[in-house]
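Undergrad: Sequence:
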Amino acid sequence: MSNIFDLPALWRQSLMPASFNGARFHCEANGRESGRRIVQHQFPKKDLPYAEDMGRAAREFNVRGYCIVFPYDSGDSLYQRDYRQPRDQLVRQLEAEGPGTLQLPTQASQLVVCPRYRLTEEERFGGYCVIDMTFMEYGLDPQTYAPAAATASAIVQTSEALRSQVLRSLSALPLPPAIGLNR
Numbered sequence: 002m003s004n005i006f007d008l009p010a011l012w013r014q015s016l017m018p019a020s021f022n023g024a025r026f027h028c029e030a031n032g033r034e035s036g037r038r039i040v041q042h043q044f045p046k047k048d049l050p051y052a053e054d055m056g057r058a059a060r061e062f063n064v065r066g067y068c069i070v071f072p073y074d075s076g077d078s079l080y081q082r083d084y085r086q087p088r089d090q091l092v093r094q095l096e097a098e099g100p101g102t103l104q105l106p107t108q109a110s111q112l113v114v115c116p117r118y119r120l121t122e123e124e125r126f127g128g129y130c131v132i133d134m135t136f137m138e139y140g141l142d143p144q145t146y147a148p149a150a151a152t153a154s155a156i157v158q159t160s161e162a163l164r165s166q167v168l169r170s171l172s173a174l175p176l177p178p179a180i181g182l183n184r
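Sequential numbering of the sequence shown, starting at 2, is according to the working numbering.
The hints are simulated quantities; they were obtained by calculation from the structure and are not laboratory data. Where a beta carbon is used, it is the ideal one built from N, C-alpha and C, also for glycine. Misleading hints may appear alongside valid ones.
Each pair of labels, with its calculated beta carbon distance range [as the list claims (entries may be wrong)]:
| # | residue 1 | residue 2 | range |
| --- | --- | --- | --- |
| 1 | LEU112 | ASP48 | 42 to 52 Å |
| 2 | LEU141 | LEU168 | 38 to 48 Å |
| 3 | GLY56 | ARG13 | 33 to 43 Å |
| 4 | ARG37 | GLY76 | 40 to 50 Å |
| 5 | SER78 | ASP133 | 19 to 29 Å |
Build the full structure now, drawing on both the sequences and the hints.
TA: Here it is in structure tokens:
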């Protein structure tokens with residue numbers, strides 16, 4: 002008979018290994034920050050302001066990761082006797098140009114860029130390094146994904162189709178009787 006406390010928590014079953022562009026690291030802590038972009042308008046001689054919602058703010062991720070010595074080489078790039086190899090692989094990805102995929106243990110993967118990181122190693126903690134990373138949501142380039150603007154020929158075609166439709170509708174109407182022509 003199994004005890005309900007022996008069953009693993011659902012969130013633990015779906016944990017993902019932390020990585021950035023395939024460079025894995027241990028994740029000590031992570032946080033996501035966002036919200037709404039609000040512009041507060043205040044007017045002279047008015048007691049009430051007006052708050053204008055300008056859409057969702059870009060997401061920012063703050064991650065504290067680390068690489069640490071493993072007692073033996075396991076064949077997995079993260080679990081090695083030389084912690085410097087996964088550290089250097091992560092640093093190369095953090096410094097690479099362009100966006101990358103951030104996978105955090107409890108969140109869906111995100112397309113992000115890394116504007117800054119801090120790598121800390123202390124002699125008293127040999128075989129261990131901490132990497133504090135900041136990631137920003139990459140999003141979509143509005144020039145690449147903007148809907149196509151209407152060209153002049155498309156506008157002319159649309160206006161001609163509308164004109165034809167109006168003329169057909171008018172020709173289908175009965176003519177009004179002539180008033181005042183017979184005296």
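Undergrad: Next, verify each hint and record whether it holds.
TA: Do the hints match the structure? See the list:
1. LEU112 - ASP48: 42 to 52 Å: holds (44 Å)
2. LEU141 - LEU168: 38 to 48 Å: holds (43 Å)
3. GLY56 - ARG13: 33 to 43 Å: The hint (33 to 43 Å, Cβ to Cβ) holds, given that GLY56 and ARG13 are roughly 35 Å apart.
4. ARG37 - GLY76: 40 to 50 Å: holds (46 Å)
5. SER78 - ASP133: 19 to 29 Å: holds (21 Å)
Taken one by one, the earlier hints all hold for this structure without exception.
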